[in-house]
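J.: Chain order of the listed sequences is A and B. Going left to right, the first sequence walks through residues 1154 to 1361 as this note's numbering numbers them. Going left to right, the second sequence walks through residues 1154 to 1361 as this note's numbering numbers them.
Derived by calculation from the structure, the hints in this document are not laboratory data. Wrong hints could be hidden among the right ones.
[Unchecked claim] Capping the alpha-carbon separation at 27 Å, the derived lysine-lysine pairs in DSSO-like fashion look like this:
| id | chain 1 | residue 1 | chain 2 | residue 2 |
| --- | --- | --- | --- | --- |
| 1 | A | Lys1332 | B | Lys1332 |
| 2 | B | Lys1245 | B | Lys1176 |
| 3 | A | Lys1332 | A | Lys1176 |
| 4 | B | Lys1274 | A | Lys1287 |
| 5 | A | Lys1352 | A | Lys1235 |
| 6 | A | Lys1235 | B | Lys1332 |
| 7 | B | Lys1352 | A | Lys1332 |
| 8 | B | Lys1176 | A | Lys1332 |
| 9 | A | Lys1352 | B | Lys1235 |
| 10 | A | Lys1235 | A | Lys1176 |
| 11 | A | Lys1352 | B | Lys1352 |
| 12 | B | Lys1274 | B | Lys1311 |
| 13 | A | Lys1287 | A | Lys1274 |
| 14 | B | Lys1287 | A | Lys1274 |
| 15 | A | Lys1274 | B | Lys1311 |
[As the list claims (entries may be wrong)] Here are the simulated distance ranges between beta carbons:
| id | chain 1 | residue 1 | chain 2 | residue 2 | range |
| --- | --- | --- | --- | --- | --- |
| 16 | A | Ala1197 | B | Glu1184 | 42 to 50 Å |
| 17 | A | Ala1223 | B | Asn1199 | 20 to 28 Å |
| 18 | B | Lys1171 | A | Ala1223 | 47 to 55 Å |
| 19 | B | Leu1239 | A | Pro1341 | 23 to 31 Å |
| 20 | A | Ala1170 | B | Ser1210 | 45 to 53 Å |
| 21 | B | Ser1210 | A | Val1167 | 48 to 56 Å |
| 22 | B | Glu1345 | A | Ala1175 | 31 to 39 Å |
| 23 | A | Ser1169 | B | Ser1169 | 57 to 65 Å |
| 24 | A | Pro1273 | B | Ala1316 | 43 to 51 Å |
| 25 | B | Glu1184 | A | Thr1353 | 43 to 51 Å |
| 26 | B | Arg1205 | A | Pro1273 | 35 to 43 Å |
Glycine is no exception: its CB is placed at the ideal position from the N, C-alpha and C atoms.
Number of protein chains: 2
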Amino acid sequence: MTSSTPRQGARKPVRSAKQKRAKATVEVIIEAATRILSDQGWDALNTNTIARRAGVSVGSLYEYFPNKQAILDVILDRHLSKGDALIAQGAKDVQAGATTAQDVVDLLVSGFVRLHSDDPKLHRALSADVPLSKAQHRRVEAVRERIIDLTAAALADKVSAPAMKATLLVDTADALTHKWLIDDVGTPVSAETLAQELKTMLGLYALA
Amino acid sequence: MTSSTPRQGARKPVRSAKQKRAKATVEVIIEAATRILSDQGWDALNTNTIARRAGVSVGSLYEYFPNKQAILDVILDRHLSKGDALIAQGAKDVQAGATTAQDVVDLLVSGFVRLHSDDPKLHRALSADVPLSKAQHRRVEAVRERIIDLTAAALADKVSAPAMKATLLVDTADALTHKWLIDDVGTPVSAETLAQELKTMLGLYALA
DNA sequence: AAGTATATTGAATAATTACTCGGATTTTCT
DNA sequence: AGAAAATCCGAGTAATTATTCAATATACTT
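Construct all of the structure, not just a fragment, from the sequences and the given hints.
T.: Structure follows, in structure tokens:
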């Protein structure tokens, strides 16, 4: 399992799907690629397979995407957008009903559980299989920082050293829920129990 | 960026390096592959490049390795062995001088910091770039479980629910030190400060 | 030194796969 | 309907790269 062949040449003037038929084609391509990625993983993802599974020809694929990477960009973009929506919702929840630091922690952990419960197979492929570009890493990193900042703000009037605490809280909540829900490490106890325990641990720390 | 081509055919009776000249060849191949991996990443790693960098021919490479994957297996194996050694040392340290749960936590975090400080570029390539096989994942998972068990044992007479606590402690210590030392997420504070904070957080939890 | 086992070589092979292009088909417009 | 624009097709091209093999060279043994 390894690397392929990005043949970057003189760009073809990629069409931009004006008719609805074309929009449907674009959509079906993205869906096929997403399905392949989550069902069979990165190694099984190639342009010919995507086209076949989408029921279109490779030619059509290259009519709307300059290269294979561009398809992946869209998939990642949509995935991260879903994450963004969850974050926005979380921020709202915090503002609405988080009176204590423990409340903030609980919402944070619950948020990450939700984030990692949605389409876990795709999530897994995206985070473990697919080699992300520098720009894509930056995008992911930006999301992380946004969550940290929001958390720090929520904690600002409740605890000491909110910025540092927010970093640990977010990184821990993310890493552990990811590990338990996405990677299948064999945990002897359920994910719910672990999430509860995680809230306890982080709550203790937040209040310290 | 992607996947290559594992051409698995009828095994050739891979030679097993009887003369010292041959042993040196095997060694130089492994070293070249390791260097390429940590300097240029998984995408740059191919058998022709490995051979050139090692100063031998591809033919020689295939004399001692049935396929490309086998080279990677050796690299991962050696890397994990170093980890095993660190764990053994850590277990000894705990037995020698850990009287409180906080002592155990401190040693655990310090151990992970050490683990992730050694050859971080290789570590990074191995954990982020290289697609591991099922068997390799199992091997990594086994190391994790061993650390958890050792930690649980060390905590057994010191805290309540040592098994569950050990899981959280180990997964957290691993994930966060990895994130800070291996991935280069832009942290505003130093890795040492973060490690200290991590010890605080985990100590609070262990004692709870 | 001759003979045999072990090592090394690298050009050639073959499989994979990103991407192109000339032409066919369908939709839109007048 | 007829023309033009948009879309679609898929066999073919080219680049990459894992792997083989027949020939050559070096090291051991007697």
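J.: None of the hints should be skipped; say for each whether it holds.
T.: Outcome of the hint check:
At most 27 Å may separate the alpha-carbon atoms for a hinted pair to count; A:Lys1332 and B:Lys1332 meet this at roughly 13 Å. Restraint check for B:Lys1245 and B:Lys1176: not satisfied, since their Cα atoms lie roughly 34 Å apart, outside the 27 Å limit. Distance check on the hinted pair: A:Lys1332 and A:Lys1176 sit about 37 Å apart at the alpha-carbon level, beyond 27 Å; violated. Proposed proximity of B:Lys1274 and A:Lys1287 is supported: the alpha carbons are some 16 Å apart, at most 27 Å.
For the suggested pair A:Lys1352 and A:Lys1235, the alpha carbons sit about 24 Å apart, so the restraint of at most 27 Å is met. With a C-alpha separation of about 23 Å, the suggested pairing of A:Lys1235 with B:Lys1332 holds against the 27 Å cut-off. With a C-alpha separation of about 20 Å, the suggested pair B:Lys1352 and A:Lys1332 falls inside the 27 Å cut-off, and the hint holds. Annotation: proposed proximity of B:Lys1176 to A:Lys1332 is violated, straight-line Cα distance about 40 Å (limit 27 Å).
Proposed proximity of A:Lys1352 and B:Lys1235 is contradicted: the alpha carbons are some 34 Å apart, above 27 Å. This hinted pair checks out: A:Lys1235 and A:Lys1176 have alpha carbons roughly 21 Å apart, not beyond 27 Å. Between A:Lys1352 and B:Lys1352 the CA atoms are separated by roughly 17 Å; this keeps the pair inside 27 Å, and the hint holds. Between B:Lys1274 and B:Lys1311 the alpha-carbon distance is near 37 Å, which puts this suggested pair outside the 27 Å criterion.
With a C-alpha separation of about 23 Å, the suggested pairing of A:Lys1287 with A:Lys1274 holds against the 27 Å cut-off. Using a Cα cut-off of 27 Å, the hinted pair B:Lys1287 and A:Lys1274 holds, with the two alpha carbons roughly 16 Å apart. Restraint check: the Cα-Cα separation between A:Lys1274 and B:Lys1311 comes to about 39 Å, which exceeds 27 Å; the hinted pair is violated. Separated by about 32 Å at the C-beta atoms, A:Ala1197 and B:Glu1184 break the suggested range of 42 to 50 Å.
Separation of A:Ala1223 from B:Asn1199 is about 25 Å and conforms to the stated range, judged on CB atoms against 20 to 28 Å. Checking the proposed 47 to 55 Å range against B:Lys1171 and A:Ala1223 shows it holds: the Cβ atoms sit about 52 Å from each other. A hinted range of 23 to 31 Å holds for the C-beta pair B:Leu1239 and A:Pro1341, which are about 25 Å apart. In this structure, A:Ala1170 and B:Ser1210 meet the distance hint of 45 to 53 Å, their C-beta atoms being roughly 50 Å apart.
The hint said 48 to 56 Å for the Cβ distance between B:Ser1210 and A:Val1167, and at roughly 43 Å that hint is violated. Take B:Glu1345 and A:Ala1175: their Cβ atoms lie about 56 Å apart, and the range 31 to 39 Å is violated. Taking the beta carbon of each, A:Ser1169 and B:Ser1169 are about 59 Å apart, inside 57 to 65 Å as hinted. Between A:Pro1273 and B:Ala1316 the beta carbons are some 25 Å apart, a value that contradicts the proposed interval 43 to 51 Å.
Here the CB-CB span from B:Glu1184 to A:Thr1353 is close to 47 Å, well matched to the stated 43 to 51 Å. The hinted window of 35 to 43 Å between B:Arg1205 and A:Pro1273 holds, with their beta carbons roughly 41 Å apart.
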